[in-house]
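**Student:** Protein chains in written order, with the working numbering: chain A, 1 to 337; chain B, 1 to 337; chain C, 1 to 337; chain D, 1 to 337.
Rather than coming from a laboratory, the hints here were simulated on the basis of the structure.
Some clues are possibly wrong.
Identical copies look the same in the list; a pair holds intra-copy or inter-copy alike.
[Claimed, not checked] Lysine to any residue pairs mimicking SDA-like chemistry, simulated, CA-CA at most 20 Å apart:
1. K318 to S260
2. K315 to E51
3. K84 to E148
4. K315 to H227
Here the structure is a predicted model, which means the values were calculated and not measured.
There are 4 protein chains.
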Amino acid sequence: MIVIMKHHATTQEIAAVVQHIEALGFKAHLSQGEERSIIGVIGDERPVEPEHFELLAGVERAVRILHPFKLASRDFHPEDSIVKINGISIGTSKVIVMAGPCSVESREQVMETAAAVKQAGGHILRGGAFKPRTSPYAFQGLGLKGLELLREAREEFDLPIITEVMSPQEVTLVAQYADILQIGARNMQNFALLHAIGEIQKPVMLKRGMMSTVEELLMAAEYVLSHGNSRVMLCERGIRTFETSTRNTFDINAIPVLKSLTHLPVIADPSHGTGKWELVTPIARAAVAAGADGVIVEVHCDPEHAMSDGAQSLKPDKFAAMMSSIRRVAEAVDRTV
Amino acid sequence: MIVIMKHHATTQEIAAVVQHIEALGFKAHLSQGEERSIIGVIGDERPVEPEHFELLAGVERAVRILHPFKLASRDFHPEDSIVKINGISIGTSKVIVMAGPCSVESREQVMETAAAVKQAGGHILRGGAFKPRTSPYAFQGLGLKGLELLREAREEFDLPIITEVMSPQEVTLVAQYADILQIGARNMQNFALLHAIGEIQKPVMLKRGMMSTVEELLMAAEYVLSHGNSRVMLCERGIRTFETSTRNTFDINAIPVLKSLTHLPVIADPSHGTGKWELVTPIARAAVAAGADGVIVEVHCDPEHAMSDGAQSLKPDKFAAMMSSIRRVAEAVDRTV
Amino acid sequence: MIVIMKHHATTQEIAAVVQHIEALGFKAHLSQGEERSIIGVIGDERPVEPEHFELLAGVERAVRILHPFKLASRDFHPEDSIVKINGISIGTSKVIVMAGPCSVESREQVMETAAAVKQAGGHILRGGAFKPRTSPYAFQGLGLKGLELLREAREEFDLPIITEVMSPQEVTLVAQYADILQIGARNMQNFALLHAIGEIQKPVMLKRGMMSTVEELLMAAEYVLSHGNSRVMLCERGIRTFETSTRNTFDINAIPVLKSLTHLPVIADPSHGTGKWELVTPIARAAVAAGADGVIVEVHCDPEHAMSDGAQSLKPDKFAAMMSSIRRVAEAVDRTV
Amino acid sequence: MIVIMKHHATTQEIAAVVQHIEALGFKAHLSQGEERSIIGVIGDERPVEPEHFELLAGVERAVRILHPFKLASRDFHPEDSIVKINGISIGTSKVIVMAGPCSVESREQVMETAAAVKQAGGHILRGGAFKPRTSPYAFQGLGLKGLELLREAREEFDLPIITEVMSPQEVTLVAQYADILQIGARNMQNFALLHAIGEIQKPVMLKRGMMSTVEELLMAAEYVLSHGNSRVMLCERGIRTFETSTRNTFDINAIPVLKSLTHLPVIADPSHGTGKWELVTPIARAAVAAGADGVIVEVHCDPEHAMSDGAQSLKPDKFAAMMSSIRRVAEAVDRTV
């Protein structure tokens, strides 16, 4: 941490800051410039926030030097982490595709979609049983019944399952059915849920909050990692900006940025990242070109009658076309699908 | 809902949209302009999302006509709702002040702060026992012990208590100690928690998510209201923008906007809304001038040693000065404090 | 400037950065921590951007220590600057009100509005002759004819005039008619225009760009100041955020932040800051409560037929009510109107 | 346009809105729903803004039906526009690469960089002679001398030139040297400049403002087109968001969105879109994968000593590697480079 003093800070104020730093167990390193004095805080600053120093008299601001995350950092774990699920490895040169309906709606719907996903070469089946919905009047998911349908599809088509868990008390239940637990964007900083997920041994895919920074995403991963669960994947799914022509702005920069900051696999969600099915394939291609380790997309056999997210769902034929399209791009960057 | 067709939409496409609208139980109303046809969807559109129509062939976009919330709307409840807590009424011409430490840290700290709050004329004591923290390495709150200390201060100083609840399974416990339950900004769309809060009879203050629109805040309130709890207050606490000179951007516009859209009381949080104690008093004054029904601020007797949020906490003397400052502004807008 | 090295930076990389710093004429100050080395750049860093160091091998990032502005800074000019215009002083305890139509449309319109502004106690008449419009198909202003009408109103009602100038070649012309030149939000970083404005001796009001930071606003002021024009006022007029319930988000925090960073007067524009006339008065009150030195609002006698910005214009009676409303708030913060 | 009335709007209010619509020369079409009445405005609504109706008594809001742009719209010009410059066609299946230094600094620098661009297969040479800089203390470009150096490089290496023009009075001068005029992001809504550019016959590349929506970018293009210059290209160069790990957020979604809304060619600028040279190649690949018609990147032989934007400049060897990398991706989407 660097503490930057105000232009007119007095020597007493500087001395008080030095004393405060030392009382916290750090060493202080004073450097007096022509216009400003700055004080380095030497030691592991991670448990302390810059704001902690900003209220001391004469301080203008404080700036972190270290990233606040450690277990998630590539600094301490230079090689890529690989998450293995029933023989599928995520985080290698093979790009993994997760696909399926937004919500599980019926036995027929799940089976038909799973068949289409399998046939087109998808690797993992996605589907929501517990659904976070903005409106209390919207369809909230089939719950346990939905989990059972996903299990049935899993066995019939030999596809691992990823599904969302929304609250700490459901973690144990959902973990009995799912191969990967998904933490949704709105729950990325639901710390009680992150804590609960950290204590089980099940792979988890953590979706970036729609207005969360890359650093906050990595801190959410740090929560899970620090409670003992090391099988964490990150998912870029679009952020909220001033632009209204798409539902979200897919942050393509975040893919190479995350790959350089962390060893965890990075998945792209072009369905939520755009909100429109016509944009899903070009953005899926872009994500693979930028270095994503996997793609998660919504597929529905009858999106006109989907109970949620129809507008961003691909029909099976479009999904098959997307698969061959991203396969070519993957090869152009020396990967496979 | 209005469905806007593409420029070159065919008559078959238009007919299919009309048929789809009618199959959902709505009436369709077609209006053919020179460049675009538009189709009105007549009926209560609330359970349907505009995206639902946007995937039909020939559709450009769909626009809501009705607000998606109903119980929270002033349209159906024109007079102000007043939330009563132990003889204190929130939502009247009297501006209510909630104050106290970010985190409960010790018996001495709570008692000393509560005394200062009471003496300066504060009405409600705030304090966190369960703390949502961005870092797993930061202080996470005293938990149950913190609740007990709050209860002690409550009885000694005759101050109702507001404290945060972070997960559905803690609702019953926290409700035994608190007079008002706070839902934090990061949990504004934690629907499992909103559902649980909706089923108890305890006032709740819902903080706007830093990435949430005014409409989404009202939809979160709708969740609580629709599950049976009518004593809901809203809190503007700053949103995330591109500006970095303050921790958040306090959305002063949201105060009169909320007062016109909803009958629920609106509280302002200038501590989180700015992140810097020097800015708390001017923004508290601004919030009262703009029509806030209450103010919630962080007060700490020794902010240099606070375990969280010291930088935005007022010392007791600054808090007393803020109280007299907002009292004068309240009078200038025909209110009291 | 502080240069923060990567975790695994080699001693050669560190030496090369030190050498690079010294070659630029600065002193380098190395501090080796446990996880990261950091190098202080001692000297006036203003002409150098942090990015300049970020491409050197082994560098993670660079952080400014000094504000990039100097003439605009309160550090070097602690007392408030007062801008005097025909006997009116801006930047004192008296809050100045500028009011008038968005666009000058006709002689009758200007005269009628000017009379209303004068009668209600407004101090300065605003009105646009050259109009920046998002659409090439919208009314673009009366140009020179508009300037002449403003001069006529100026003389008849003894009200100084503020009007916008949009391009460098119009500066001389507009300066012959206006008492204050306005730089619009879209031109805040039109550096050719800032340069031209800096070379004349005429007060200027610089509006914050809708997505410009406080620091960028101060850098725009620095352009004008550094070219020799010291009579600069700043105007907060709302920023662009994700929120759509208002046209812009008025950044109330920016008012006390600017007052602490700079000696220049700060004006608030609640008309553009909200985009809705119903919100103008509460936000004007809030701005005064937060410390604004002045308010600029749009007033129109017949907003239903205004050629631009009708939705955010106050009618004369509403304007008069706003004046008495902000007068009471000004008194509550020991100022006058 | 659709005018949505308030819940409690009276029949008199509705009648007044209808009358107002008709007085503007439109037809009004009333539709009375259970909760809200809505009124369609029939006719070419482009010159009118929704705000125009929002101040009428009883109106809640107004929503555009038509896009406000027409000449730029694919609706009226379904086939792709191709911009031809000295035998190079932009907007075909061949992806065009523009490359060169941020600023022209010296004869040697331009010649050396131009040689590297040519050798690696770049098609157009970029370089700034007039530089928009945030700080008045930073290097402002060589001006006319820079243009002459660009012309020299143009002739020596047979590379067309793209360079920025910053103010209306420089348009004629810059047009004598440049093959393509660039309008920078900060000038995207400098309407005086757009007007001047519209009146000459020279291709122009319009960069999206960092705070501008896709619709506003198309409206800026409409300005140029409506004044008679039809050779317009658009450039996505990153937008400003809350994320701070990159200088800007490259809006990858904007590429397919623009390709569907307009017939104009779309160029991607991954240098400004990321601000870091390590990210330029992955984002260039992503842009090509998403459908960009061209890429513009900063190349510098000695970025450590560049006078601007060194951090985002590629060295010649990295540029050559980028060229072969995007060539492979282009082929994967059935294009060439």
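**Student:** Among all the numbered hints in the text so far, which are the ones the structure does not match?
**Tutor:** Hints 3 and 4 not satisfied by this model.
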